[in-house]
Amino acid sequence: GDSVTQTEGQVALSEEDFLTIHCNYSASGYPALFWYVQYPGEGPQFLFRASRDKEKGSSRGFEATYDKGTTSFHLRKASVQESDSAVYYCALANNNAGAKLTFGGGTRLTVRP
Amino acid sequence: NSKVIQTPRYLVKGQGQKAKMRCIPEKGHPVVFWYQQNKNNEFKFLINFQNQEVLQQIDMTEKRFSAECPSNSPCSLEIQSSEAGDSALYLCASSLSSYYAEQFFGPGTRLTVL
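As they're listed, the protein sequences go chains Y and S.
If you read the first sequence in our numbering, its first letter stands for residue 3, the second for the next number, and so on.
If you read the second sequence in our numbering, its first letter stands for residue 47, the second for the next number, and so on.
It should be emphasised that the hints constitute simulated quantities derived from the structure, not laboratory data.
Here are the simulated DSSO-like cross-link-like pairs (lysine-lysine), alpha carbons at most 30 Å apart as the crow flies:
#: 1; chain 1: S; residue 1: 73; chain 2: Y; residue 2: 58
#: 2; chain 1: Y; residue 1: 70; chain 2: S; residue 2: 90
#: 3; chain 1: Y; residue 1: 58; chain 2: Y; residue 2: 79
#: 4; chain 1: S; residue 1: 66; chain 2: S; residue 2: 49
#: 5; chain 1: S; residue 1: 90; chain 2: Y; residue 2: 79
#: 6; chain 1: S; residue 1: 66; chain 2: S; residue 2: 85
#: 7; chain 1: S; residue 1: 49; chain 2: Y; residue 2: 58
#: 8; chain 1: S; residue 1: 90; chain 2: Y; residue 2: 58
#: 9; chain 1: S; residue 1: 59; chain 2: S; residue 2: 90
#: 10; chain 1: S; residue 1: 85; chain 2: S; residue 2: 49
#: 11; chain 1: S; residue 1: 90; chain 2: S; residue 2: 73
#: 12; chain 1: S; residue 1: 49; chain 2: Y; residue 2: 79
#: 13; chain 1: S; residue 1: 85; chain 2: Y; residue 2: 79
#: 14; chain 1: S; residue 1: 109; chain 2: S; residue 2: 85
#: 15; chain 1: Y; residue 1: 56; chain 2: S; residue 2: 90
A few chain Y residues that face chain S, going by a derived Cβ cut-off under 10 Å, partial list only:
#: 16; residue: 33
#: 17; residue: 36
#: 18; residue: 44
#: 19; residue: 45
#: 20; residue: 51
#: 21; residue: 53
#: 22; residue: 89
#: 23; residue: 93
#: 24; residue: 102
#: 25; residue: 103
#: 26; residue: 105
#: 27; residue: 110
Even for Gly, the Cβ is constructed at its ideal location relative to N, Cα and C.
Next up, chain Y with everything else stripped away, as it sits in the complex (with noise of 0.2 Å):
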């Protein structure tokens, strides 16, 4: 079956320090790929999506480029706010499996001051 997998559970960076959260997939077909951040109390935001080798997605500052060779969908951010700790989840929607969100394991980002 379909899987993502996020190398880093936790990451904890001081402010205006560079972000990448590393993202890999597996799938049959050719998914569509997504970026989420959770808040506390909240469901998950959609930050971006892409869908098709070598298209960059991006939002907020953050952005991570559909590399189908590696199977992977980094998320990178130049310089990380306090206001961006929360979790982050990488997904994929695969139509074979009727576009269901398969989420990797997120990523806890912590931004001290």
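With chain Y held as given, fit chain S onto it using these hints.
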């Protein structure tokens, strides 16, 4: 801010009791998904609907889970006989399409089974 409305936000039940939660999808979104998020932040897809029809669902072998999305009424997810292992955050999401479209989540219903 979530435009998907879920009620109640918190639900506490004893083992063996019914637990029912509701979801109003974002206006104009015909596709609705239900997910379960456990305390380890793991997501489990439960079921999805397009309009009132089931698109896909997990093999609810326990048969304790049922869901519907009637016309002109909120969608609902019901657990017939709650178990301690059902304690989780139940998330409803809606989408414009069943094909690769982003899903928008509500705040969830946190179920605690005592």
